[in-house]
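Numbering-wise (full-length UniProt numbering), the sequence shown opens with residue 1 and increments by one.
These are calculated hints, taken from the structure and not from any lab test. Hints are not guaranteed to be accurate.
[Unchecked claim] Cross-link-like lysine to aspartate or glutamate pairs, in silico, DMTMM-like; alpha carbons within 20 Å at most:
(1) Lys528 / Asp584
(2) Lys469 / Asp527
(3) Lys473 / Asp403
(4) Lys572 / Asp584
(5) Lys572 / Glu449
(6) Lys469 / Asp557
(7) Lys227 / Glu254
(8) Lys528 / Asp512
(9) Lys554 / Asp584
(10) Lys475 / Glu526
(11) Lys473 / Asp460
(12) Lys414 / Asp403
(13) Lys469 / Glu565
[Said to hold, decoys possible] Okay, the calculated beta carbon distance ranges per label pair:
(14) Asp437 / Gly311: 29 to 39 Å
(15) Ala457 / Arg336: 32 to 42 Å
(16) Thr75 / Gly402: 32 to 42 Å
(17) Glu546 / Gly311: 54 to 64 Å
(18) Thr172 / Gly520: 47 to 57 Å
(19) Gln399 / Pro530: 24 to 34 Å
(20) Tyr352 / Gly402: 19 to 29 Å
(21) Leu545 / Asp55: 15 to 25 Å
(22) Gln399 / Lys73: 16 to 26 Å
(23) Ala519 / Asp542: 55 to 65 Å
(24) Asp569 / Gly484: 23 to 33 Å
Please read these numbers as outputs of a predicted model, since none were measured by experiment. Backbone N, C-alpha and C fix where the C-beta goes; we use that ideal spot for every residue, glycine too.
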Amino acid sequence: MPLAVHYRVAMPRPHAHLFEVEAAFPAGPDVLDAVMPVWTPGSYLVREYARQVQDLTAQGPDGQPLPVRRVDKRTWRVDARGQTVTLRYRVYANELSVRTSHLDGSHAYFNGATVFLYTEGTRALPHHVTVDAPQGWRTFCALDSDGATFHAPDYDTLVDSPFEVGPHTPLTFTAAGVPHEVVVWGDSVPDTERLCADMQRICEAQARMYEGLPLQRYLFLVYLTDKGRGGLEHQASTALLFPRTGLSTHRGWEDFLTLVAHEYFHLWNIKRVKPRALVPFDYSQENYTSLLWAFEGGTAYYDNLFVRRAGLMSPPRYLARLGETFSLLHSTPGRRVQTLTEASLVSWVKHYRPDEHSTNSAVSYYLKGEVVCALLDLEVRRATGDAKCLDDVMRLLWQRHGDGSGVPEDGVEKAASEVAGVDLTPFFDHAVRTTEDLDYGVFAHVGLEVSFRVREAPNDKGGTPPRLKGEPKPKGWLGVTLRGSSTLSTVPEGTPALEAGLYPEDDVVALDGWRVDGAGLIARCEDKRPGDTVRVTLFRRDRLLEVPVVLGQKPADAVWLQRVERPTDAQKAAFQAWLGAPWDETPGPA
Numbered sequence: 001m002p003l004a005v006h007y008r009v010a011m012p013r014p015h016a017h018l019f020e021v022e023a024a025f026p027a028g029p030d031v032l033d034a035v036m037p038v039w040t041p042g043s044y045l046v047r048e049y050a051r052q053v054q055d056l057t058a059q060g061p062d063g064q065p066l067p068v069r070r071v072d073k074r075t076w077r078v079d080a081r082g083q084t085v086t087l088r089y090r091v092y093a094n095e096l097s098v099r100t101s102h103l104d105g106s107h108a109y110f111n112g113a114t115v116f117l118y119t120e121g122t123r124a125l126p127h128h129v130t131v132d133a134p135q136g137w138r139t140f141c142a143l144d145s146d147g148a149t150f151h152a153p154d155y156d157t158l159v160d161s162p163f164e165v166g167p168h169t170p171l172t173f174t175a176a177g178v179p180h181e182v183v184v185w186g187d188s189v190p191d192t193e194r195l196c197a198d199m200q201r202i203c204e205a206q207a208r209m210y211e212g213l214p215l216q217r218y219l220f221l222v223y224l225t226d227k228g229r230g231g232l233e234h235q236a237s238t239a240l241l242f243p244r245t246g247l248s249t250h251r252g253w254e255d256f257l258t259l260v261a262h263e264y265f266h267l268w269n270i271k272r273v274k275p276r277a278l279v280p281f282d283y284s285q286e287n288y289t290s291l292l293w294a295f296e297g298g299t300a301y302y303d304n305l306f307v308r309r310a311g312l313m314s315p316p317r318y319l320a321r322l323g324e325t326f327s328l329l330h331s332t333p334g335r336r337v338q339t340l341t342e343a344s345l346v347s348w349v350k351h352y353r354p355d356e357h358s359t360n361s362a363v364s365y366y367l368k369g370e371v372v373c374a375l376l377d378l379e380v381r382r383a384t385g386d387a388k389c390l391d392d393v394m395r396l397l398w399q400r401h402g403d404g405s406g407v408p409e410d411g412v413e414k415a416a417s418e419v420a421g422v423d424l425t426p427f428f429d430h431a432v433r434t435t436e437d438l439d440y441g442v443f444a445h446v447g448l449e450v451s452f453r454v455r456e457a458p459n460d461k462g463g464t465p466p467r468l469k470g471e472p473k474p475k476g477w478l479g480v481t482l483r484g485s486s487t488l489s490t491v492p493e494g495t496p497a498l499e500a501g502l503y504p505e506d507d508v509v510a511l512d513g514w515r516v517d518g519a520g521l522i523a524r525c526e527d528k529r530p531g532d533t534v535r536v537t538l539f540r541r542d543r544l545l546e547v548p549v550v551l552g553q554k555p556a557d558a559v560w561l562q563r564v565e566r567p568t569d570a571q572k573a574a575f576q577a578w579l580g581a582p583w584d585e586t587p588g589p590a
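Please put together the full structure from these sequences, using the hints given.
Laid out in structure tokens, this is it:
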């Protein structure tokens, strides 16, 4: 019998949120070091999964106890004496996120990195998992199985294959000849036929770009919750977290489809074509690369684009969503502090650990990366007369690095220059290695120009032209963002609030001697004019203070993409090549 690692996962007391795990390792060294990953691929933060492991014991082949001791935060050392070793331990799982694990009376969800101890010496061996599920529960995983046992060719594949166990009935559809399953937990989907049809169209649009799918079947795990939105990509599956109420609105449904498109596109972009710095994964510590802007930001650019290509988002709506992204970038002071390459490199301590100062000190490689990839797409189109585009860059990377060998740190830039037929180094030098504002002039190639305006309401995300006609009345501007009813969450750089000495966590109670909540604070400041002085009364660490603030002029940081007045035939053709709709049949931004 070939050597392999065998696991058994049981959940006899789901209300206790404890997985009971058995891990059997083949005979080998005299000393066996069993270790737990500190992070999981796709989520670049050290999460210390070993902190949830408890009650670990070790046994030899005849059931005799073996000496075991913990030598550091993630390592258990067993006096194996060259024998087979069976470890038994429990894992606490009560965090419902796509990066962790969750067990309760309704289901079990677990990521391999949170549950499976491994050894470096056996990492390349086959790994088998048997799931002891409660009666009436089924197990879903993208791995091949025979009954209740699932088979992975190695530990990396196992870690990349999450499990969902519960009394679920999956939805199914076929895309590009490949069967897909959708398992939903948390609530029912309002329209399952529409959901499957829309997801199928997105999957097939991506398959057309790459001329097929790189797998035999695919699994969507969907978790509908009261709040939260996110996803984690895997080689043949994904886990999606989404607000259950979102699927009942048109905009929410649209947003869910962009999440589907994002995680599905990772089938190529980062699961198979990945930075060389991540090959192989080092589960013991941070893995550094400066390319997350291309792999996550690029995927963010394509998520909206593929919903558009699938015919599920109109061109005006696509442009409006792109404008919202631009607006969010321009309301982030940290874009002038941190470059995209640095944002990628230090995601381990910045992106996944935001605080009240993050908006001033950092920029998201998702956010700015999406904008830069939109510009790169148009740069390639302009340089080649629309004969080539970013799709061709992605396909070239797939052709060269789809075997998992990894993209070198300069590989994306070289591939883009090769496809464009011109040296794009100046573009990358400016866009990813400086903190200067981006050059949006390339939008003229598709008959558009980037325009700025003042936000017209607290919930104004940009993306659309001004609703009010004529010159807007100047409004007083404080510049804070709020959490809850009256607590200041961030005080951005360059705002009157920061200059006056308002702090994050201040609890506002009054303005000019009259009680206000957060919404009233913003509204009453806007009723005044720039240059007026207001008195903000607040509690800071339980002490009552009054802070005078000289209101400023609200910045024009809401962005929208506007059509040029007299487009040329070439601009109209380029627009159609980009968004797949004739210029004359497409109205302005919606």
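Here is how each hint holds up against the structure:
Proximity of Lys528 to Asp584 is assessed by CA-CA distance (about 43 Å); at most 20 Å being required, the pair is judged violated. Our distance criterion of 20 Å between C-alpha atoms is met by Lys469 and Asp527, whose separation comes to about 19 Å. At most 20 Å may separate the alpha-carbon atoms for a hinted pair to count; Lys473 and Asp403 exceed this at roughly 58 Å. Restraint check for Lys572 and Asp584: satisfied, since their Cα atoms lie roughly 8 Å apart, inside the 20 Å limit.
Pair hint Lys572 plus Glu449 holds up; C-alpha atoms about 14 Å apart against a cutoff of 20 Å. Distance restraint check for Lys469 and Asp557: the Cα-Cα separation of roughly 18 Å lies within the 20 Å cut-off, and the hinted pair is therefore satisfied. For the given pair, Lys227 sits about 17 Å from Glu254 by alpha-carbon distance, which is consistent with the 20 Å threshold. Of the pairs offered as hints, the one joining Lys528 and Asp512 holds, with about 12 Å between alpha carbons and a cut-off of 20 Å not exceeded.
Simply put, Lys554 and Asp584 have alpha-carbon atoms about 35 Å apart, too far for the 20 Å limit, and the pair is violated. For the hint pairing Lys475 with Glu526, the CA-to-CA distance comes to about 5 Å; that is within 20 Å, so the pair holds. For a cut-off of 20 Å, the pair hint linking Lys473 to Asp460 stands: about 17 Å separates their Cα positions. With a C-alpha separation of about 19 Å, the suggested pairing of Lys414 with Asp403 holds against the 20 Å cut-off.
For the hint linking Lys469 to Glu565, the alpha-carbon distance of about 18 Å falls within 20 Å, and the restraint holds. Here the CB-CB span from Asp437 to Gly311 is close to 34 Å, well matched to the stated 29 to 39 Å. Ala457 and Arg336 have their C-beta atoms about 26 Å apart, which leaves the hinted 32 to 42 Å range violated. In this structure, Thr75 and Gly402 meet the distance hint of 32 to 42 Å, their C-beta atoms being roughly 34 Å apart.
Between Glu546 and Gly311 the CB atoms are about 57 Å apart, so this pair conforms to the stated range of 54 to 64 Å. Judged by the Cβ atoms, the range 47 to 57 Å given for Thr172 and Gly520 holds: they are separated by roughly 51 Å. One distance hint, 24 to 34 Å for the beta-carbon pair Gln399 and Pro530, is violated here, with the actual separation near 55 Å. A hinted range of 19 to 29 Å holds for the C-beta pair Tyr352 and Gly402, which are about 27 Å apart.
Hint check: Leu545 to Asp55, Cβ distance near 51 Å, so the stated range 15 to 25 Å is violated. The hinted window of 16 to 26 Å between Gln399 and Lys73 is violated, with their beta carbons roughly 41 Å apart. Checking the proposed 55 to 65 Å range against Ala519 and Asp542 shows it is violated: the Cβ atoms sit about 24 Å from each other. At roughly 54 Å, the beta carbons of Asp569 and Gly484 sit outside the given window of 23 to 33 Å.
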